[in-house]
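Undergrad: Chain residues, written in single-letter form:
There are 2 protein chains.
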Amino acid sequence: MLIDSIHSPSDIKTLDTDQLLTLAAEIRSGLMNRLSKKGGHFGPNFGIVEATVALHYVFDSPKDKFVFDVSHQCYVHKILTGRKEAFFCDAHFDDVSGYTNPDESPHDFFNVGHTSTSVSLACGLAKARDLKGETGNVIAVIGDGSLSGGEALEGLDFAAELGGNLIIVVNDNDMSIAENHGGLYQNLRTLRETNGKAPCNLFRAMGLDYRFLADGNDIPALIAAFRAVRDTDRPTVVHICTKKGSGYAPAETDRENWHWHMPFDPETGKELIPGGGESYGSLTCEYLLKKMKADPRVVALAAAVPVCIGFTEEKRREAGRQFVDVGIAEEHAVAMASGIARNGGKPVFATHSSFFQRTYDQISQDLCINRSPATLLVNTASVYGMHDITHLGIFDIAMMSNIPNLVYLAPTCCEEYFAMLDWSIEQNQFPVAVRMPCNGVVHSSRRFDTDYSGLNRYEVTQQGENTAILALGDFYQLGEALAAYITEKTGTAPTLVNPRYITGTDDRLLEQLKARHSVVITLEDGILNGGFGEKIARFYGPSAMKVYSYGLKKEFLDRYQVGDVLKANHLTPEQIYCDIF
Amino acid sequence: MLIDSIHSPSDIKTLDTDQLLTLAAEIRSGLMNRLSKKGGHFGPNFGIVEATVALHYVFDSPKDKFVFDVSHQCYVHKILTGRKEAFFCDAHFDDVSGYTNPDESPHDFFNVGHTSTSVSLACGLAKARDLKGETGNVIAVIGDGSLSGGEALEGLDFAAELGGNLIIVVNDNDMSIAENHGGLYQNLRTLRETNGKAPCNLFRAMGLDYRFLADGNDIPALIAAFRAVRDTDRPTVVHICTKKGSGYAPAETDRENWHWHMPFDPETGKELIPGGGESYGSLTCEYLLKKMKADPRVVALAAAVPVCIGFTEEKRREAGRQFVDVGIAEEHAVAMASGIARNGGKPVFATHSSFFQRTYDQISQDLCINRSPATLLVNTASVYGMHDITHLGIFDIAMMSNIPNLVYLAPTCCEEYFAMLDWSIEQNQFPVAVRMPCNGVVHSSRRFDTDYSGLNRYEVTQQGENTAILALGDFYQLGEALAAYITEKTGTAPTLVNPRYITGTDDRLLEQLKARHSVVITLEDGILNGGFGEKIARFYGPSAMKVYSYGLKKEFLDRYQVGDVLKANHLTPEQIYCDIF
Numbered sequence: 087m088l089i090d091s092i093h094s095p096s097d098i099k100t101l102d103t104d105q106l107l108t109l110a111a112e113i114r115s116g117l118m119n120r121l122s123k124k125g126g127h128f129g130p131n132f133g134i135v136e137a138t139v140a141l142h143y144v145f146d147s148p149k150d151k152f153v154f155d156v157s158h159q160c161y162v163h164k165i166l167t168g169r170k171e172a173f174f175c176d177a178h179f180d181d182v183s184g185y186t187n188p189d190e191s192p193h194d195f196f197n198v199g200h201t202s203t204s205v206s207l208a209c210g211l212a213k214a215r216d217l218k219g220e221t222g223n224v225i226a227v228i229g230d231g232s233l234s235g236g237e238a239l240e241g242l243d244f245a246a247e248l249g250g251n252l253i254i255v256v257n258d259n260d261m262s263i264a265e266n267h268g269g270l271y272q273n274l275r276t277l278r279e280t281n282g283k284a285p286c287n288l289f290r291a292m293g294l295d296y297r298f299l300a301d302g303n304d305i306p307a308l309i310a311a312f313r314a315v316r317d318t319d320r321p322t323v324v325h326i327c328t329k330k331g332s333g334y335a336p337a338e339t340d341r342e343n344w345h346w347h348m349p350f351d352p353e354t355g356k357e358l359i360p361g362g363g364e365s366y367g368s369l370t371c372e373y374l375l376k377k378m379k380a381d382p383r384v385v386a387l388a389a390a391v392p393v394c395i396g397f398t399e400e401k402r403r404e405a406g407r408q409f410v411d412v413g414i415a416e417e418h419a420v421a422m423a424s425g426i427a428r429n430g431g432k433p434v435f436a437t438h439s440s441f442f443q444r445t446y447d448q449i450s451q452d453l454c455i456n457r458s459p460a461t462l463l464v465n466t467a468s469v470y471g472m473h474d475i476t477h478l479g480i481f482d483i484a485m486m487s488n489i490p491n492l493v494y495l496a497p498t499c500c501e502e503y504f505a506m507l508d509w510s511i512e513q514n515q516f517p518v519a520v521r522m523p524c525n526g527v528v529h530s531s532r533r534f535d536t537d538y539s540g541l542n543r544y545e546v547t548q549q550g551e552n553t554a555i556l557a558l559g560d561f562y563q564l565g566e567a568l569a570a571y572i573t574e575k576t577g578t579a580p581t582l583v584n585p586r587y588i589t590g591t592d593d594r595l596l597e598q599l600k601a602r603h604s605v606v607i608t609l610e611d612g613i614l615n616g617g618f619g620e621k622i623a624r625f626y627g628p629s630a631m632k633v634y635s636y637g638l639k640k641e642f643l644d645r646y647q648v649g650d651v652l653k654a655n656h657l658t659p660e661q662i663y664c665d666i667f
Numbered sequence: 087m088l089i090d091s092i093h094s095p096s097d098i099k100t101l102d103t104d105q106l107l108t109l110a111a112e113i114r115s116g117l118m119n120r121l122s123k124k125g126g127h128f129g130p131n132f133g134i135v136e137a138t139v140a141l142h143y144v145f146d147s148p149k150d151k152f153v154f155d156v157s158h159q160c161y162v163h164k165i166l167t168g169r170k171e172a173f174f175c176d177a178h179f180d181d182v183s184g185y186t187n188p189d190e191s192p193h194d195f196f197n198v199g200h201t202s203t204s205v206s207l208a209c210g211l212a213k214a215r216d217l218k219g220e221t222g223n224v225i226a227v228i229g230d231g232s233l234s235g236g237e238a239l240e241g242l243d244f245a246a247e248l249g250g251n252l253i254i255v256v257n258d259n260d261m262s263i264a265e266n267h268g269g270l271y272q273n274l275r276t277l278r279e280t281n282g283k284a285p286c287n288l289f290r291a292m293g294l295d296y297r298f299l300a301d302g303n304d305i306p307a308l309i310a311a312f313r314a315v316r317d318t319d320r321p322t323v324v325h326i327c328t329k330k331g332s333g334y335a336p337a338e339t340d341r342e343n344w345h346w347h348m349p350f351d352p353e354t355g356k357e358l359i360p361g362g363g364e365s366y367g368s369l370t371c372e373y374l375l376k377k378m379k380a381d382p383r384v385v386a387l388a389a390a391v392p393v394c395i396g397f398t399e400e401k402r403r404e405a406g407r408q409f410v411d412v413g414i415a416e417e418h419a420v421a422m423a424s425g426i427a428r429n430g431g432k433p434v435f436a437t438h439s440s441f442f443q444r445t446y447d448q449i450s451q452d453l454c455i456n457r458s459p460a461t462l463l464v465n466t467a468s469v470y471g472m473h474d475i476t477h478l479g480i481f482d483i484a485m486m487s488n489i490p491n492l493v494y495l496a497p498t499c500c501e502e503y504f505a506m507l508d509w510s511i512e513q514n515q516f517p518v519a520v521r522m523p524c525n526g527v528v529h530s531s532r533r534f535d536t537d538y539s540g541l542n543r544y545e546v547t548q549q550g551e552n553t554a555i556l557a558l559g560d561f562y563q564l565g566e567a568l569a570a571y572i573t574e575k576t577g578t579a580p581t582l583v584n585p586r587y588i589t590g591t592d593d594r595l596l597e598q599l600k601a602r603h604s605v606v607i608t609l610e611d612g613i614l615n616g617g618f619g620e621k622i623a624r625f626y627g628p629s630a631m632k633v634y635s636y637g638l639k640k641e642f643l644d645r646y647q648v649g650d651v652l653k654a655n656h657l658t659p660e661q662i663y664c665d666i667f
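Heads up: the protein sequence lines correspond to chains L and A, in order. Number 160 in this note's numbering belongs to position 74 of the first sequence; there are no gaps in the numbering. Number 416 in this note's numbering belongs to position 330 of the second sequence; there are no gaps in the numbering.
I should point out that these hints are in silico values taken from the structure, not numbers from a laboratory. In this text, all values refer to a predicted model and were calculated from it rather than measured experimentally. There is no bait here: all hints are sound.
Identical chains blur together in the list; that is why a pair holds if it fits in one copy or across any two.
Derived pair list, reagent style DSSO-like, types lysine-lysine, alpha-carbon separation capped at 27 Å:
(1) 632 <-> 600
(2) 632 <-> 575
(3) 379 <-> 218
(4) 377 <-> 218
(5) 218 <-> 376
(6) 356 <-> 329
(7) 218 <-> 401
(8) 329 <-> 99
(9) 653 <-> 639
(10) 653 <-> 632
(11) 123 <-> 170
Excised from the complex, chain L in its bound form (with noise of 0.2 Å):
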C-alpha cells in the first residue's frame, strides 16, 4: 500500500494527485479499521480525509503549525504525522489518544478536546512567532459547531487586530455534534449558495480576508486554495465545505449518530455492542417531556449535546417550542435560563460537568447573584464519567459547590433524583444544580423527600456508633458496602449519612454526631481539594472529632481505568478499612 511509505508529512509531497487520492483511501480503510473496532469519531475524520492531506501537501509541518479545533477530527493528521499504526495496526489502537496530543508528537502543538480555543491557542502562537522574528505559518481548523461558542467568536473577532500570518479553515459540515445552531449558521449557507460571493459575510465583518472553497472534498481545488494563502501576511478565513462522514453511506446519511460511535459491523454499520437498558438520560427525557405537557412553561435547554438528557431528533419534535438547543454555547444558556426563571419560565438546562467549567461566570453572576430558580442538570460528573484529559467530571464540585446561593444537590439513586428534579422545577427560591448519579441507573425502596428547601439537612440513613460515613451523591453505594464491612470487621455498626447537599454543611448533625462518635468518614466521587471532605473537615477542625476524606486527587487523569484510580485513591472498603482502623 501507499500509506505503507508514508512515515512524516514530507512523503506526501512528492505525490502526484492520482496518488493522492489512493492515499485518501487508503487513509479511509484505516480510519475503518480503528473506528469499527475501537469507536471513536467518525463523522469528523472521514469528512476531513482530503483537506488534511492536502494541509500537509501544501504547508509544513511543524514548522508551520496546525491547531485543529476539539481536535477530535485530528486522526488523518495522526496518521500523516507518523501515527499510522495506531490506526493500522490493532495491537497499536493504544498508542495514541482520540485528540492531539504533544507528548505524542511535535507535530501537535496542544491537548484539546473542548470546542472553540483553536484560533485563540493559534493567534498566540503567531503572536509569539512575531515577537521572536521567526517565520511560518499558523493554521487553525475549525468546524463542527464550534464557530457558535465564545471563545471562538472572541477569537475570530481580535484575530483581525493581531495582524500578520493567520490561516483559519473554517470546515463547515453544516453540522454540530446534532444539527447547528445560531444565525451565523445561516450566513454560512448563504455563503454556500453564493459561492462565498454574498456580500455580507460574517468574517469579513469580523475584519478577516475570505477566500471559499465548494468542494472541500476535492484534493486538487484544496491543495490551491491553500496555496494561495500560504505565507498570507493577513488573518485569512478559508471556507471549505466538506461531507461530514464522506465515504461511508451510512454515515452521510445519519450525521448525528455518525459523530460519535461505538464499535459497528463496518459491511451494515450495525453497533457491535448494543446498548440497552436504562439511562439516566432517556429517563430523564420521558419525565421532562410529562413535565411539559403538563406546564408550558417548563422548557429544556442543551448546548448542542441534547442526548445528554435523552433528546433525540425524534423527542426534540416531541418537545416542540419547549425545547431549545442553543448550539456550542454554554455560556448564553445558563444566561438564559436566567432570564427564562426571572420571567416565570421553569428552566432545566442539561450539559457534561466538564462543559458546565465553561460558564462558570454565568452560573455565579447571571444565575446565583440574581437566585433565579432555574435547574442545572449536571451530566457525566463523576470518576465513572468521561475519562479522556479533556472531558473528566471530577471537577465540577470544587468549582460549583463554593459558589454563593447555588443549592446543588447529590442525589444517591434514580429515585431520589427525580424527587430532587422535581422539586427544583416546581420551587422558585433558589438556583439549583442536580448531579446526575453516574454509576448505573440504581434504584431504591427508601422513601425520599418531596420538598428540599430547608437547606443543608444530611438525612441519617443508618444510626450506628463511633464512626460515621457522609457518603456523597453515587458514593453512597460505596458508604452502604463500607458501612457493611466495617460492621463485618468490627461487630459495631457506624453510622451512614446520606449528606444530599454539596454546597452547605448540615451544623447541627455534625454537632450531634459528636455525642456518640470519634470517627468520620466522607465519601465523594470528585476531587478532594475544594471538594466537600473538606468542608466537614473545616466543621471539626478545632474539635477532637478525627476526620478522614475519601475522594480523587488533584490530577487531570488521561485515559484511566476506573478500578485503577479508585484503588489508586484508596477508595475500596477494605482499603479504607485498613487506613483507618
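With chain L's structure known, arrange chain A on it following the hints.
TA: Frame of chain L; chain A shown alone:
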C-alpha cells in the same frame, strides 16, 4: 424643575420635544451632582441620556423589559424610574447601587455588573414571555466594548434563532473603557461611515434585522427609530451612535479617564482627592516595561482594563507590540497566553479577580492541561478589592486553586510579589498565577526566594510554639498582628508561617508542626469554602491538631465597609484570640 414632576416613566410620555430636551439637561445636572461628589461611571451615563429618555418615552416599562449590559449606564434609567433622589439629593446617594438592581425597582430585572450578558438574559425574558403566551417588548441595551465578549457574541448568534420580539440597542460610542479592540469594531466604523448601508454587516451576518441611527443623542430621531421597531416580531438590532461623556467637555475629550471617575470639581474637572503614592498597578507597569526592553519575548496582555497593571495610553505606546489589549475577551486572552507560552513567548495576562471568573475553562483546558508557562496576575483579589456584588474579589482562591497543574502564589508584600513575578516570567515549567496584594503597598526587608520551582514549600518566618499561624498572602500582616497579640497575652510566641503557595500543602512542614504545636490557625483573604484553610483542616483531619480556619463567609457581599466585614468574620487579632484562647 421639570424633573420634579417625573415619578415614573409614564410621566414623560406626555412631554413635547422641548420639554424632553429640558428634561435631558436636568438629568445631566442630577448626574453631575452625584458623580462630582461620589464618583462613578461618568462617560457611559452622560452619553446615554437622550437614548434612555427616548426608550422610556416609546416603551412601556416594566411590561416592556429593559436589560442594560454591564448596567453601569443605567443611572438615567434609575432617575426616570422613581429613584431620582439618589442623584439630586445628596442624603440619598446611598439609596441606590451603581448597577441595575431588582431590589430597588420593578423596572430592573437583574443585578448586572459584568459585561456582555444582556442579549442572553433578554433572550431568556423573551422566551419565557413566549412560553407563557404573553406580549411586550424585550430590549437589551449593549455598548461600551461589550460586543467583543464571548457571551454577547453567543447571544447575538442565538437571538436570530430565538425568533419573536427582541430588540437589541447597540449603543456605539466607539469606546470600551479604553479604546475598542477587535475586528468587529472596524465593521461598526464602516456602518457609521455608510449611514448603516454597508452590505457587509455583522448583525445581518448573525441573522438579525438591522436599523441605523447616526445621531444617538437626538431625542426626536431616537423616538422615531424606537417606534419603528416597537412590537417587532423579529430579533432586531438598532445601532445608535452616541457620544461618550456627551455634555461635559473634559469627559468628551478624555474618554478613557472619564469612563469611571473619582469625585471632582465640576468647574475644572480636577479630582477632589488626588491619587498618588505607590500602587501595584504602576509598579507592575514599570517592572514589565523594563523586562520588555531586555527581552522581546515578554508580552503583557490586558482585557479592556489595561490600567489594572498601570498601562495608561502612554505606557501602552511605549510597550508597542509587547502590549496587547484584546478588548473584553478574557477567554481569548487566556487561550492566547497559552499559545504564546507554548511557542516560546513570555506572556503576562492581568485582570481583576472577578473577571478571571469569565475564563475558568480556558485556565483549566487551554492553560493548565497543557502546562503552558504563562503568568496570570490576579488583581483586586481581596476583601479590600471592589465592593459591589458583581465585582467581588473573594472567590478566586476557591475557583482557581483547585485546578490541577496551576501554581497559585500568594505574595505577602511588594518585594515578594516582584520576586514571584520575576520567577514566573523566567521559568518554563508551570502555568503560574500571582495574587497581587491588595492591602496597600507593604514593603519588607525580609529576604525572599528567587526560585519557586520547588513547589509547596511554606516559609517559617517566626519559630514559636503551641500555636502556628498560617497567614496567606496579604493577610500575612494580620498574621503578624495576631502573633504579636498572642505573645503579649500568653507570654509565648506562636510560630508564624508564610505559606506562599495556595495550590498545595507543605505536608512535611505540617507534619513537623505537630511536634511542638497543638493549634493551627489559618488566615486567608477570600471565602473559606473551597479555600486554603480547608486544605489544612483536611490534612490534620485524622490528627489531634486543632485547626481554626479564618476567612470570609461564602456570600455575595454588596457595597460593604471592609471593617464591618472583617469584624463579622472575626478577622481581628482580638476576636481570634477570644475565639481560641
